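Protein chains in written order, with the working numbering: chain A, 47 to 391; chain P, 47 to 391.
Source of the hints: derived by calculation from the structure; they are not laboratory data. All values reported here derive from a predicted model rather than from experimental measurement. Treat each hint with caution, since some may be false.
It does not matter which identical chain is used: a pair holds within one copy or between any two.
Result set (SDA-like, lysine to any residue): computed pairs, CA atoms no more than 25 Å apart in a straight line [stated by the list, open to error]:
hint	residue 1	residue 2
1	K371	R218
2	K371	G203
3	K371	L210
4	K178	V283
5	K371	D140
6	K371	R138
7	K371	S206
8	K178	F91
9	K371	R143
10	K371	G204
11	K371	G257
12	K371	S150
13	K371	E208
14	K178	L279
15	K371	R149
16	K96	A174
17	K371	R88
18	K178	D163
19	K371	P147
20	K96	G141
21	K371	E219
22	K371	L211
23	K371	A262
Number of protein chains: 2
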Amino acid sequence: MAPGASPPFLQACLRRPVPFTPIWLMRQAGRYMPEYRAVRARLGFLELCKSPEAAAEVTLQPVERLGVDAAILFADILLVLEPLGVGLEFTRGDGPRIGRPVRSSQAARALPQIDVDDALGFVYETVARARKALADRVPLIGFAGAPFTLASYLIEGGPSREFLLTKAFMRREPEAWAIMMTRLADVTADYLNGQIGAGVQAVQLFDSWVGALSPADYRAYVLPHSRRVIRALRPGVPVIHFGVGTGGLLALMREAGGDVIGLDWRVELGPTWARLGQDVAVQGNLDPAVLLADVGAIRLAAREILDGAAGRPGHVFNLGHGVHKETPVEHVRALVDIVHEMSAR
Amino acid sequence: MAPGASPPFLQACLRRPVPFTPIWLMRQAGRYMPEYRAVRARLGFLELCKSPEAAAEVTLQPVERLGVDAAILFADILLVLEPLGVGLEFTRGDGPRIGRPVRSSQAARALPQIDVDDALGFVYETVARARKALADRVPLIGFAGAPFTLASYLIEGGPSREFLLTKAFMRREPEAWAIMMTRLADVTADYLNGQIGAGVQAVQLFDSWVGALSPADYRAYVLPHSRRVIRALRPGVPVIHFGVGTGGLLALMREAGGDVIGLDWRVELGPTWARLGQDVAVQGNLDPAVLLADVGAIRLAAREILDGAAGRPGHVFNLGHGVHKETPVEHVRALVDIVHEMSAR
Numbered sequence: 047m048a049p050g051a052s053p054p055f056l057q058a059c060l061r062r063p064v065p066f067t068p069i070w071l072m073r074q075a076g077r078y079m080p081e082y083r084a085v086r087a088r089l090g091f092l093e094l095c096k097s098p099e100a101a102a103e104v105t106l107q108p109v110e111r112l113g114v115d116a117a118i119l120f121a122d123i124l125l126v127l128e129p130l131g132v133g134l135e136f137t138r139g140d141g142p143r144i145g146r147p148v149r150s151s152q153a154a155r156a157l158p159q160i161d162v163d164d165a166l167g168f169v170y171e172t173v174a175r176a177r178k179a180l181a182d183r184v185p186l187i188g189f190a191g192a193p194f195t196l197a198s199y200l201i202e203g204g205p206s207r208e209f210l211l212t213k214a215f216m217r218r219e220p221e222a223w224a225i226m227m228t229r230l231a232d233v234t235a236d237y238l239n240g241q242i243g244a245g246v247q248a249v250q251l252f253d254s255w256v257g258a259l260s261p262a263d264y265r266a267y268v269l270p271h272s273r274r275v276i277r278a279l280r281p282g283v284p285v286i287h288f289g290v291g292t293g294g295l296l297a298l299m300r301e302a303g304g305d306v307i308g309l310d311w312r313v314e315l316g317p318t319w320a321r322l323g324q325d326v327a328v329q330g331n332l333d334p335a336v337l338l339a340d341v342g343a344i345r346l347a348a349r350e351i352l353d354g355a356a357g358r359p360g361h362v363f364n365l366g367h368g369v370h371k372e373t374p375v376e377h378v379r380a381l382v383d384i385v386h387e388m389s390a391r
Numbered sequence: 047m048a049p050g051a052s053p054p055f056l057q058a059c060l061r062r063p064v065p066f067t068p069i070w071l072m073r074q075a076g077r078y079m080p081e082y083r084a085v086r087a088r089l090g091f092l093e094l095c096k097s098p099e100a101a102a103e104v105t106l107q108p109v110e111r112l113g114v115d116a117a118i119l120f121a122d123i124l125l126v127l128e129p130l131g132v133g134l135e136f137t138r139g140d141g142p143r144i145g146r147p148v149r150s151s152q153a154a155r156a157l158p159q160i161d162v163d164d165a166l167g168f169v170y171e172t173v174a175r176a177r178k179a180l181a182d183r184v185p186l187i188g189f190a191g192a193p194f195t196l197a198s199y200l201i202e203g204g205p206s207r208e209f210l211l212t213k214a215f216m217r218r219e220p221e222a223w224a225i226m227m228t229r230l231a232d233v234t235a236d237y238l239n240g241q242i243g244a245g246v247q248a249v250q251l252f253d254s255w256v257g258a259l260s261p262a263d264y265r266a267y268v269l270p271h272s273r274r275v276i277r278a279l280r281p282g283v284p285v286i287h288f289g290v291g292t293g294g295l296l297a298l299m300r301e302a303g304g305d306v307i308g309l310d311w312r313v314e315l316g317p318t319w320a321r322l323g324q325d326v327a328v329q330g331n332l333d334p335a336v337l338l339a340d341v342g343a344i345r346l347a348a349r350e351i352l353d354g355a356a357g358r359p360g361h362v363f364n365l366g367h368g369v370h371k372e373t374p375v376e377h378v379r380a381l382v383d384i385v386h387e388m389s390a391r
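Could you build all of it, start to finish, from the sequences and the hints given here?
Below is the structure:
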């Protein structure tokens, strides 16, 4: 795009009119893409995250291959846990593991102060490189995990379905919980501000697993800490606030903050946006499973979402969660084209 | 209770005033209970389901131990799949497995007509025995899996997180999907009617995993079939319609049918009931994880739910999903007492 013109993605985040609905996809750089797999054949996941040159290359792949309207930094929400000294590992197949999970009030209180800028400088270097390589073609999004989602990994020791240990901890040790959440909020804010300093033009706060909570628990145990992160961010950079299965929490997530609220596919975009109020932007919300069907199905589902948004300023098209690794690349490309064509004004 | 008096649980299902809010708990007979574990030390899971004497005994255990206001038949939603000849097994630890999953249009169309009354006569015998043993102390609830949830096991071959095969199947093979769902709906209706004939006084339709779908997909691929089940049921027996993570689907589930809509803890009971309309009863919606905390937390959370219901006729107290196996029995007992005390009118 022409230098100086404001990119549609950033305009949409700020609820300004755009020539077409911008689209990017969570996990748009990932295993479904041959060029990503080629890089991963050389580098392990953590190694890739820590190689700014390769991570920047992977960040740009979907921009070149798919024509999406934003790039998102290639990194992982759990990188920030590594300097906390809890023994983070990415195992093949089983996903992330925390070697020394936080299971006591003492352990929660003992999480060290860390200098994220020092510990995660490699991420900022990826940001700088990716931003330079993008040369203003599309904006670059940074991201971090929200305190609840980070805490859930710290406590469970890995992915979880029920989050029983996390829920028990927050109820039994409310003070230690609050201390840990405040620590995580501050680390997260520093980390996102560092990314902004390095050049990202928007940030997404991933509270991926917060949908496991009841609204009352979200309000008591999570909202103040997510709000703390968002309030501490440098102004002028749009914030997207996202979680999965959050239909019952969206109004509270909005209360916690964010210029854009991310929706998953389990809610209808139109009525949900109306309930949230039109003074906030929304992002979403195609079921990533639709991309495994055929182009006809993709077209139909995209139509429904765009109809729900009714051309109102403030809609960023996305999936309701990340691209599945089984997804054909040509279906993802087709989705990007379909959204651009259908929404052209 | 006195013979002839109408039990609070059934009254609440019909939105009639009750002296206190009735409560029962999904998976109230289960591994968290020593007397259940004692029975399981003798009998495998499937063996227990097929032993009417033991299954009836297990059905009554929570009534005796907890003082709940309804018993629920001890059985499994997948039993109905066994006579379909797909190779159902319950493995230790991994849960149910379907040896010959349905992966093609042909396989879906080839599901045999079965005589459920013949194949599942042992369930009806459990019903008759449990009903007799209850001697009208509390009503007996029957249940079955809803067509979507059954189809998802048939296609995935076991439990799933993403339901990618199921979603791909319904989109790629809509005709075979409809044929299979119709077959499952008819089998389910026959099975529930058989349970009613044998003596259950209410039924719950478990569409446990339907929360994985978008509202548009629910409407297109599920609603007509769940409605078919509910419309085919013998009149006069309240129907509870339940799924997990269904915040965005509740209005559509209501449209499909049911006297009582089951809510999980991810939605707030008060506003959700108001949106559904007060001409339907609701059941729920405590997060089962709360039972792992302490009695103070349980009291607080129960209070919140009862306040949400505001004493309106038509609330059955329950969890938002099944009791976790790690739950202390005395916490479950405490919950039952707390709900009875707090709601006494």
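Hints versus structure:
1. Taking the closest pair of Cα atoms, K371 and R218 come within 25 Å of each other only across two copies (19 Å); inside a single copy the shortest separation is 38 Å, beyond that limit.
2. In this assembly of identical chains, K371 and G203 lie within 25 Å of each other by CA distance both inside one copy and across copies; the values are 24 Å within and 20 Å between.
3. Taking the shortest Cα distances, K371 and L210 sit within 25 Å of each other only across copies (11 Å), while inside one copy they are farther apart (28 Å).
4. For a Cα distance limit of 25 Å, the shortest separation of K178 from V283 inside one copy, 18 Å, qualifies, whereas the shortest one across copies, 68 Å, does not.
5. Proximity of K371 and D140 under a CA criterion of 25 Å is satisfied in both settings, with 15 Å inside one chain copy and 24 Å between copies.
6. In this assembly of identical chains, the alpha carbons of K371 and R138 lie at most 25 Å apart only when taken from the same copy (15 Å versus 29 Å across copies).
7. When the C-alpha separation of K371 and S206 is checked against a cutoff of 25 Å, the pair qualifies both within a copy, at 20 Å, and between copies, at 16 Å.
8. Proximity of K178 and F91 under a CA criterion of 25 Å is satisfied intra-copy only: 23 Å inside one chain copy versus 61 Å between copies.
9. For the homomeric pair K371 and R143, the shortest alpha-carbon distances inside one copy (20 Å) and between copies (24 Å) are both at most 25 Å.
10. For the homomeric pair K371 and G204, the shortest alpha-carbon distances inside one copy (20 Å) and between copies (20 Å) are both at most 25 Å.
11. In this assembly of identical chains, K371 and G257 lie within 25 Å of each other by CA distance both inside one copy and across copies; the values are 23 Å within and 22 Å between.
12. Only between protomers do K371 and S150 lie at most 25 Å apart by alpha-carbon distance; the minimum there is 22 Å, versus 36 Å within a single protomer.
13. For the homomeric pair K371 and E208, the shortest alpha-carbon distances inside one copy (24 Å) and between copies (12 Å) are both at most 25 Å.
14. Taking the closest pair of Cα atoms, K178 and L279 come within 25 Å of each other only inside a single copy of the chain (23 Å); across copies the shortest separation is 65 Å, beyond that limit.
15. In this homomeric assembly, K371 and R149 come within 25 Å of each other (Cα to Cα) only across copies, at 20 Å, whereas the closest approach inside a single copy is 33 Å.
16. When the C-alpha separation of K96 and A174 is checked against a cutoff of 25 Å, the pair qualifies only within one copy, where the shortest distance is 14 Å, while the shortest distance between copies is 65 Å.
17. When the C-alpha separation of K371 and R88 is checked against a cutoff of 25 Å, the pair qualifies only within one copy, where the shortest distance is 18 Å, while the shortest distance between copies is 44 Å.
18. Taking the shortest Cα distances, K178 and D163 sit within 25 Å of each other inside one copy (20 Å), while across copies they are farther apart (70 Å).
19. Taking the closest pair of Cα atoms, K371 and P147 come within 25 Å of each other only across two copies (22 Å); inside a single copy the shortest separation is 28 Å, beyond that limit.
20. In the homo-oligomer, the alpha carbons of K96 and G141 lie at most 25 Å apart inside one protomer (17 Å), although the nearest pairing across protomers, at 39 Å, exceeds that limit.
21. Taking the shortest Cα distances, K371 and E219 sit within 25 Å of each other only across copies (22 Å), while inside one copy they are farther apart (38 Å).
22. In this assembly of identical chains, the alpha carbons of K371 and L211 lie at most 25 Å apart only when taken from different copies (13 Å versus 29 Å within one copy).
23. Proximity of K371 and A262 under a CA criterion of 25 Å is satisfied inter-copy only: 24 Å between copies versus 35 Å inside one chain copy.
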